[in-house]
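**Q** Please take these sequences and the hints and turn them into a complete structure.
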Amino acid sequence: MAVLWGTMWCMVALSVLYLLVVVKGPSIWDRLLAINLIAVKVTIIIILFASIYESAFLLDAAIIYTLSGFIGTIFIALFFSKKEKKQKQDEKKEGKSIWRVY
Amino acid sequence: MNTGILNTDLIELICILVFFLGFYGLIATTNVIKSIVFLWVMEMAVIMFFLSIGYNIGIVAPIGTDLVPGQVADPLPQALMITTIVIGLAVTAVNITMLITLVRKHKSANWDILRKKSSES
Amino acid sequence: MLTYFILIPIIIAVFLYMLACGKKGRAIAIIFQTGFVGAVYYVFTLTRQEEILTNIGGYDSILGIYLREDTMAAAFVLLTAIFFLIASIYSFREKDGRLFWFLIFIWQGASVGIFLTRDLFNAFVLIEVVTVVVAILIMFNRKNRSIYDGMFYLMLNVLVIKFYLLGLGYLYRMTGTMDIVIATEALVGMERSELVLPYALMMTAIALKCALLPMFSWLPKAHGSPAAPSAVSAILSGLHIKCTIYLFLRMQEMFSTLISAYEFFLVIGVLTGIVGFVLAMAQSDIKLILAYHTISQVGLIFAGLSMGSYYSHIGGMYHIVNHALFKGALFLSAGSIIKAYGTRDVYQIRGLLRRYPGLGIATLMAILGITGAPLFNGSISKYFMATDASAQMNVILIFMSLGTIISFVKYGSMLFGKSDAEPEAGVKVPAEQQIAVFALGFMCFFTGVFGVQSVQFLFNTSVTIDRLGYLEKAGIFFASAIAGFFIYKYYIKTSKLLKRLRSFEMGFRSACVCIGVFFAALLLTVGLVQYYY
Amino acid sequence: MIYAILVLWIFLAAIIIPERRGIRIIIYFAIFSLVTALSFFLLGSPDVAMAEAAISTFSTIFFVICFEKHFRLKADGEGDPEKKEVSKAAAAKKYVLPLLLIVPLFALFIFFRPGPEVSTYLKDLYITRFAQDVGGVNAVTSIYLAYRVYDTLFEALVLVIAIVAVSHMSAFKEMTVPDGEHSDIERDGLAVFTIRIIAPILLLFGVYLVMNGHISPGGGFQGGVAVAAFFICRYMIYNIYDMPVKKIIRLEEVLFMTAVAIAVFGVFLGAGTFVPLEYLRLYQESYLILMNILIGLKVACACIVLFYRFVAIERR
Amino acid sequence: MASILEIAGSVLIAAGAILMVLGTFGLLKFKRFYPRILISSKIDTVGMLTLLLGLVVRHGFSFFSAKIVLIIVILLILNPLVAHILSRSAYMSGE
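Protein chains in written order, with our numbering: chain A, 4 to 105; chain B, 119 to 239; chain C, 2 to 534; chain D, 2 to 317; chain E, 18 to 112.
Certain hints may be false.
In silico DMTMM-like links for lysine to aspartate or glutamate, alpha-carbon gap of 25 Å or less [unchecked claim]:
#, chain 1, residue 1, chain 2, residue 2
1, B, Lys234, C, Asp286
2, B, Lys234, D, Glu69
3, B, Lys235, C, Glu433
4, D, Lys95, C, Glu506
5, C, Lys500, B, Asp230
6, B, Lys234, C, Glu506
For the chain B half of the interface with chain D, some residues (derived, Cβ under 10 Å), not all of them [said to hold, decoys possible]:
#, residue
7, Phe138
8, Asn174
9, Ile218
10, Ser237
Everything labelled a hint here was simulated from the structure, so no lab data went into it. Here a beta-carbon is modelled for each residue, glycine too, at the ideal position from N, C-alpha and C.
**A** Here is the structure:
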């Protein structure tokens, strides 16, 4: 049991570290990576919690967590990649920065 | 396990703090999109407050057949908060649509600029 | 049984929207509304003997949700039914009927729901429904600034409902229930100091929805919105704001064993009334004049309800009904006038009585009602309010009524005279609009002449009017009418201060600050009082 | 444990305030929702946590679209927003002055806070009664499908109205996009292939949540939103706007009416009292499952419509 | 028997946690995006896998384990996918 609790605390500590990356990270991609990592950590926390209480139905929450978190991240990433590209091209064409998303 | 009084108390304090952080954000920011974000933040604080009612360390979800009232979380606030979250989503969607329409028209999402430009037209 | 008063309008609404019957919809609407008034009247007569209780689902104890219709709720529901019938008649030829009838029916169902429910969380859900519906209706025609107004309205109301929800959370934690009646019983043994916070939180939310003093900035935008159909403005002013006044009464009743912030609401009510008519004097847009007047009248109602004596309470309650009648008549006629004259400027519209006698007479009756002329309904409720009031309060009431008179002298100048902006001869006001407006105007007169009987009929209590006192009030009215006319003529028309006030407007952030200030003031007042008593 | 998470939560709420750049706000918001859902879970309410986790996907996407639209239009209108430098004094004034209100308000709030006593009157009643009254295993689902189904109906109504509101307030009246118009979202073979594998799992899981709502955490709302998330995946795979949005809206209204009818017959009229005792359990469970399916489908329809409106029409 | 499984599971869980910590170290050490995603996504996937396998071992053959295996499958598909999409998007937009 101690291992589970210890791992849980470890995950929380890691999330805090990832949060530093989210705040500091120079580009939007660093931040998105950190979101992804935090999502995994949160999933693991939930699984550990369910494991401690020995209740299988709590794992449903972990599954929906994983799926929805990933879909959000993927959507943002796909959504902005094209935008960024277009913006760079426009900037090149006009020779100045037009607008910045991040 | 624990007396429980301290637990509820601390979580309540945190919820109030976040509630007022959201309120502060509403007052301090001029951007409408951020205002909508802060409305969501305030709603989350309220929901957290509801869920923390009667919280105790070691409490489990109210699912199962032979439940003992002392060991499970309060089911009523949970049922109500699902309602609140869904209503929040609907209202946020309406808000964002209005905002996009306004931004399309006035090319800005600043409260003051929007007010000025709206009363001009 | 009571459930169906809420569900059937909503089912019909969705049905109409689904089948897309815009034109057929209005026939269905009128037939349904007439039937609805009949059904509501039947239940109304039943409630004279005892209150009706519906336990949804029939679960034991307080596990389910209860609906109840007692004397007060029955009066409000009857008002709702009649008002929606008249509004439906008025907007018989509304464009884009599909959406309009859908929203109106849902609004009706949810309003009745708010009056009937005994559960505070259910009230929250219904308020959210009504808020979104009203936000759509405010920007129904999507003109100029209506989207901004709608967004302002929606965001402010959504913000303040969070306060309500937080207060409800505290209440639930302390009493373990959300039912008003059970909570009243559970609150009896509690400490007063514990209840201060939930009281202040919930009252802040309700005060914003009633547009009390620092937080009224959304109301003129919403009620005077040029994009909304006139029937919507009328329902907003006449009925919608009464939903929250009703909730205010219920809350006060619930907390009354421990907390009674009557003095606070009396002061705020009086201030709201004064600020409301001062701002109304400054306006020139006829819908905005009426919208600011709603603020003033709400202040008056709050003052009446908070004075604490039996007669003033009756006066406040009766004024709620009266305000619905005359403000409804005024808003509906204003809509017709705007359509006929093609302008919203009060200085350009002249000769109404000559051109459109039906509209003119109805407007005149409503103006006489709102200013408190003898034989009209406003005088009855104002008389009741002043019956047991102290001398200072009497002076304040006379002052407020003088302010109302001054701004309605301005409004009434539309009735006479001549101007260039008169419409072509061909522009006609549709018959059903004239009927609707005239019905409301006549009701102002009717409930004035039979004031005592109306009060007995609606609120099931006996009152008496002292003829001598009533005559005295009539004398005061005529004196102040003359004074008001001269003040209008020689001061208001030329005042520069008022012109500056015309562009007075609050931004969203200032409105948020106002909510915070009001909340702090209420908290401090209620909290400090406990050290004195 | 929960306190550590909650401290993170406060921090996340606080760093949104001074942030000025759109995408960062979205990212903070996404993490905020994530952490919120985790705290809900740790507070013993997996149902709410699932609802929040699923719904936060949608709200994040709405915010993304809103910010993107804003930045593009603002660029047309005013030029580069970054170039407008705000003086430090003005910024300080903007952020410090509101503190004068908020800090006393917070202090007052803390001062007048009622004691921590919790009344468990209704909780005990629900916990001891729900199994025989309603017949579910999940107390939360039992409450919102039976004891308080009246509230749930209005909540469903809010979604119906929200769709009407969204289509009325939008600058574009039409509901669907002409055939053959493609989105400009990035397409990538590997991503499409993998999402193709994931999407059926998501759909299956959503259906599982809906059908199993009365036994395990989940239910109509969570499952419905998960099913709607399947359509986000579909959008990312096929990259076209080919949803029959009008039909979905009709379907949603029909589902709403059906849900009202079922609720009226099942709960308001008290049909359970007429059922013979040996079939009572069967009746109760079938009522819960039916209601969950109806509400799940309804919520799914509403979320799909909202998503498509935002992605296909509002973004133009 | 059960205790052996438990110990083995605990060891695996601890190993997973340590791997994740190492991944985080990599994330914090490098300042550019591509090294970061190279280090952290790989190690994170492996660490997550080890940790969850440890849980499966701990619980033995049961419904609980089956659900965890499902989560493992989902994560195994999605985690590299996100890394791929992120790096690809970053490359496309000229990071």
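**Q** Hint by hint, note whether the structure agrees.
**A** For each hint, the structure was consulted:
1. B:Lys234 x C:Asp286: OK: lysine 234 of chain B and aspartate 286 of chain C at ~19 Å, within 25 Å.
2. B:Lys234 x D:Glu69: holds (23 Å)
3. B:Lys235 x C:Glu433: Violated. Lysine 235 of chain B to glutamate 433 of chain C sits at ~38 Å, over the 25 Å cutoff.
4. D:Lys95 x C:Glu506: holds (20 Å)
5. C:Lys500 x B:Asp230: holds (22 Å)
6. B:Lys234 x C:Glu506: Given that 25 Å is the threshold and the Cα spacing comes to 10 Å, the pair holds.
7. Phe138: holds (5 Å)
8. Asn174: holds (9 Å)
9. Ile218: With a minimum Cβ separation of about 5 Å from chain D (threshold 10 Å), the hint on isoleucine 218 of chain B holds.
10. Ser237: It is violated, given that the least Cβ distance between serine 237 of chain B and chain D is near 18 Å, above 10 Å.
Hint violations for this structure: numbers 3 and 10, all remaining hints satisfied.
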